[in-house]
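There are 2 protein chains.
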Amino acid sequence: MAHQRDVSSDDPAIRANGASYMLDCIRLAQAVDSTLVSGPLYSAVGKTRLVSADQKARERARCVENLREVGKVASDAGVTMGIEPLNRFETDMINLVEQAIELIEEIGQPAYKIHIDTFHSNIEEKSIPDAIRSAGSLLGHFHACENDRGTPGTGHIDWLGVRDALREIGYEGPVVIESFTPGAVEIAKAAAIWRPLAPSRDELAREGALPAPVARLGAREHR
Amino acid sequence: MAHQRDVSSDDPAIRANGASYMLDCIRLAQAVDSTLVSGPLYSAVGKTRLVSADQKARERARCVENLREVGKVASDAGVTMGIEPLNRFETDMINLVEQAIELIEEIGQPAYKIHIDTFHSNIEEKSIPDAIRSAGSLLGHFHACENDRGTPGTGHIDWLGVRDALREIGYEGPVVIESFTPGAVEIAKAAAIWRPLAPSRDELAREGALPAPVARLGAREHR
Numbered sequence: 171m172a173h174q175r176d177v178s179s180d181d182p183a184i185r186a187n188g189a190s191y192m193l194d195c196i197r198l199a200q201a202v203d204s205t206l207v208s209g210p211l212y213s214a215v216g217k218t219r220l221v222s223a224d225q226k227a228r229e230r231a232r233c234v235e236n237l238r239e240v241g242k243v244a245s246d247a248g249v250t251m252g253i254e255p256l257n258r259f260e261t262d263m264i265n266l267v268e269q270a271i272e273l274i275e276e277i278g279q280p281a282y283k284i285h286i287d288t289f290h291s292n293i294e295e296k297s298i299p300d301a302i303r304s305a306g307s308l309l310g311h312f313h314a315c316e317n318d319r320g321t322p323g324t325g326h327i328d329w330l331g332v333r334d335a336l337r338e339i340g341y342e343g344p345v346v347i348e349s350f351t352p353g354a355v356e357i358a359k360a361a362a363i364w365r366p367l368a369p370s371r372d373e374l375a376r377e378g379a380l381p382a383p384v385a386r387l388g389a390r391e392h393r
Numbered sequence: 171m172a173h174q175r176d177v178s179s180d181d182p183a184i185r186a187n188g189a190s191y192m193l194d195c196i197r198l199a200q201a202v203d204s205t206l207v208s209g210p211l212y213s214a215v216g217k218t219r220l221v222s223a224d225q226k227a228r229e230r231a232r233c234v235e236n237l238r239e240v241g242k243v244a245s246d247a248g249v250t251m252g253i254e255p256l257n258r259f260e261t262d263m264i265n266l267v268e269q270a271i272e273l274i275e276e277i278g279q280p281a282y283k284i285h286i287d288t289f290h291s292n293i294e295e296k297s298i299p300d301a302i303r304s305a306g307s308l309l310g311h312f313h314a315c316e317n318d319r320g321t322p323g324t325g326h327i328d329w330l331g332v333r334d335a336l337r338e339i340g341y342e343g344p345v346v347i348e349s350f351t352p353g354a355v356e357i358a359k360a361a362a363i364w365r366p367l368a369p370s371r372d373e374l375a376r377e378g379a380l381p382a383p384v385a386r387l388g389a390r391e392h393r
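Sequences listed follow chains A and B, in order. Numbering of the first sequence is given in my numbering, commencing with residue 171 and proceeding in unit increments. Numbering of the second sequence is given in my numbering, commencing with residue 171 and proceeding in unit increments.
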């Protein structure tokens with residue numbers, strides 16, 4: 171979320187703006203027959219500070235309160251809200267699947283699920299397959315990104331372990347390749363993309379560009 | 171390096187301050203019988219922007235010019251200068267071992283070597299063992315950090331592959347565990363440490379805390 175849409179903000183106008191934006195997203199999802207609104211809904215991307223336990227607790231309470239209200243609307247609309255842990259350089263609030271589970275339990279609304287992105291998990295989780303297993307039936311969306319955000323299969327993410335864990339928990343949702351090229355200026359800045367990770371966006375995600383085991387074992391089954 | 175010591179800066183006073191700081195470090199190293207000054211010497215930590223190719227070239231030229239001059243003094247003093255690639259959230263200049271090799275070739279001074287930190291390599295390199303092999307005899311310092319900066323062996327870094335690659339290139343230098351706890355406020359901010367990675371700093375690096383294969387195969391040989 172952008173800073174002016176941060177539901178954990180000290181500023182009540184910013185919190186209200188964040189909640190109102192999510193309600194717009196839910197309406198938009200309904201209008202296009204989508205059942206998912208997902209991302210780091212809990213805070214602003216780039217909000218990384220070492221704050222006191224008191225301040226942390228205040229921000230958390232504001233976030234939970236807003237997401238609880240939004241969650242009621244989402245449930246009525248039949249829209250799932252994905253909570254995506256980000257790596258430590260993008261947020262100080264939810265870095266781990268374990269932290270996302272705690273947040274969802276605190277919100278207490280069934281619309282919330284977990285959105286795992288392996289680029290972030292590669293930095294934060296001890297084991298990505300174990301993180302997937304711990305999400306279990308709470309997993310609602312999945313981004314299959316290589317450790318450097320290049321073409322999946324060209325780096326060191328344990329894709330076979332990821333596949334086995336997704337199978338084991340019975341995940342039937344989409345597996346999305348999310349990456350960026352320096353050509354998309356705004357998002358390149360946000361995602362810290364300073365060098366080309368593939369000749370083009372299409373090339374990055376093209377099945378033909380995937381190493382054989384990934385194309386054969388992974389991509390086909392989870393599209 | 172701090173922003174006021176950035177040898178790639180647009181500001182000549184800041185560049186001069188950066189070079190002068192490195193000369194002080196070389197003198198200090200000599201005074202304590204150390205043969206190494208190492209880190210992201212080329213730019214300021216946190217300098218992450220999407221800039222034009224022209225601006226990139228200007229910053230690079232300034233950096234190379236300063237490091238070349240510093241390198242002459244380092245050579246005379248018998249001090250190795252380590253160039254450490256950082257991950258994309260900490261610098262937009264040198265993220266890969268390959269980029270460090272190019273920079274060192276451009277500087278053209280034998281004092282410069284590569285300093286690999288596996289926390290950063292885990293985000294940027296396709297294969298950490300291959301990155302070590304590509305550094306080869308240019309490897310001058312090594313930080314063995316887990317993917318989350320927790321105790322090595324508790325995450326998903328391929329430590330046996332790292333060991334094999336270090337052996338293969340005949341690396342005889344130190345292997346250092348670098349991590350941080352939220353208790354060290356300034357460095358915790360810089361390294362984005364928002365949650366405890368171990369009960370204490372000693373606990374994090376204690377050999378007894380390492381899983382048996384890492385303690386047995388890795389730590390003993392490279393200390």
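These are calculated hints, taken from the structure and not from any lab test. Owing to the predicted nature of the structure, the values given are computational and were not obtained by experimental measurement. Beta carbons are placed, not taken as given, at the ideal position from N, Cα and C, and that holds for glycine. Wrong hints could be hidden among the right ones.
Chain A stretches covered by chain B per the calculated footprint, using a threshold of three residues with CB under 8 Å from any CB of chain B [unchecked claim]:
# : segment
1 : 175-187
2 : 239-250
3 : 323-336
4 : 352-360
5 : 363-370
Taking the hints in turn, this is what the structure says about them:
no., hint, verdict
1, 175-187, "violated (count 0)"
2, 239-250, "violated (count 0)"
3, 323-336, "holds (count 4)"
4, 352-360, "holds (count 4)"
5, 363-370, "holds (count 3)"
Taken one by one, the earlier hints fail for this structure at numbers 1, 2, listed in ascending order.
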